[in-house]
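Peer 1: Sequence order for the protein chains is A, B, C and D.
Counted from 1, the first sequence has number 10 at position 10 by this note's numbering; the numbering is strictly sequential.
Counted from 1, the second sequence has number 229 at position 68 by this note's numbering; the numbering is strictly sequential.
Counted from 1, the third sequence has number 386 at position 64 by this note's numbering; the numbering is strictly sequential.
Counted from 1, the fourth sequence has number 445 at position 38 by this note's numbering; the numbering is strictly sequential.
Read the hints as simulated data drawn from the structure, not as lab findings.
List of simulated lysine to aspartate or glutamate pairs, EDC-like, C-alpha gap at most 20 Å:
| no. | chain 1 | residue 1 | chain 2 | residue 2 |
| --- | --- | --- | --- | --- |
| 1 | B | K301 | A | D27 |
| 2 | B | K181 | A | E17 |
| 3 | D | K460 | A | E148 |
| 4 | D | K460 | A | D144 |
| 5 | A | K20 | B | D174 |
| 6 | D | K460 | A | E138 |
| 7 | A | K20 | B | E178 |
| 8 | B | K181 | A | D13 |
| 9 | C | K375 | B | D305 |
Residue-level listing of the chains:
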Amino acid sequence: MNTTIRLQREPFDVGAEVTKLAGDRSDIGAVVTFTGICRADENGAPIAALTLEHYAGMAETEIARHVEEAHARWPLLGVTVIHRYGRISPGEVIVLVVTASSHRQAAFAAAEFLMDYLKTRAPFWKQVEAAGGAAWVEAKSADDAAAERWSAPPQRQDAAR
Amino acid sequence: MNTTIRLQREPFDVGAEVTKLAGDRSDIGAVVTFTGICRADENGAPIAALTLEHYAGMAETEIARHVEEAHARWPLLGVTVIHRYGRISPGEVIVLVVTASSHRQAAFAAAEFLMDYLKTRAPFWKQVEAAGGAAWVEAKSADDAAAERWSAPPQRQDAAR
Amino acid sequence: MSLRVLYFAWVRERIGKAEEEIEPPAGVATVGQLVAWLAGRGESYAYAFENAKVIRAAIDRTHVRADAKIEGAGEIAFFPPMTGG
Amino acid sequence: MSLRVLYFAWVRERIGKAEEEIEPPAGVATVGQLVAWLAGRGESYAYAFENAKVIRAAIDRTHVRADAKIEGAGEIAFFPPMTGG
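If we strip away everything but chain A, and leave its shape as in the complex, we get:
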């Protein structure tokens, strides 16, 4: 499996990353991407930027462990996870997940699994910079619920898809 995991401060080119993953393979029938973008507002109020703090030593190994788990659950041919940290302006990409497989259900399921994981368990923290000052983003219970659905045995997930 082609696996790329990167944590970086710099912006990156989503199209180039997809090409890098899938471009040289003729057994890939399905590629799913998720791109998370910094919105210009948070809870209805305009924001100037997001700042992402992360636990550098832990984040990369934790993400790698979950990519391995995705690979064990679904027949994947490639996975790319790129997560930025530092200051990110509205409209900029925060996170990219790319999953490639022979078949679409595996690619969709693995991308959702990895995003649910990144939202709830990867050691990153978002701070919003707005007119009123800086504030840490609160964790959402909807994200926890989304992550919960993967704790059932993998067989169930396969059957449902």
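Place chains B, C and D on chain A using the hints.
Peer 2: Quick look at chains B, C and D alone, frame taken from chain A:
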């Protein structure tokens, strides 16, 4: 909502289509793409190409109707569906679905819904060109089952996600 | 009643044409009855419609079932299960 | 026992440092007990850990619960619920 629906013979640039959909908006927090690619083999045997036949008059209006349905079910900010027809070589893109939303669950669900629809109800037919001659691809019951899950009332889907 | 009929994929190949104008008799009221009538028009039609259960139909570019009425239809298409995406 | 402790996000801000070496007394055996002990080290610590239930912890870069033993740990991190992705 930004909606793009195109049926075309020519290849296209996936990255450019994503940029066109999401590039000028700052309210989009999540973009999901599905890219369907012509594999170099079908059921284990190498293939020379796929040829896609379609019902031109019906395909575009049918797809538009399902994009409207996706829009009614989920809070989408943009949808792009591009489906090629004619001769397609291994490694080339067959279909692209892009969904954009403020939140990831809506983007994922809408992309899966549209792909399940395209696989089972959009008037396209694939013919495989291989060493032994040309053969029409048979519909898969797994695709029908995947499409079936969207016929429950939308509320149920929202709650599960 | 004159009807425009379209055929796609292997239905088209078996019949040997992509479209034609037909004049079904008055007793043919539904899509299913039209399939049965078409299947009786010759060997190539019989071959195309030999397994009527797998044949899908659309009236005026909308999917319909075998029991759909053909009255008022402008264009009827017959095709195998779809394999797009 | 000497331990390296890391703080992130608002836990870090409230305590006023990103990391430190600490020497908890022998009675402190679990992550939960360490949180209670840290909370007693002064006003900034009390503020950081005022709602101990929301504080997450990792030992040697793996998520752990409050009842995890700290014996043998090289690095313990405390942080709020994660908000990545």
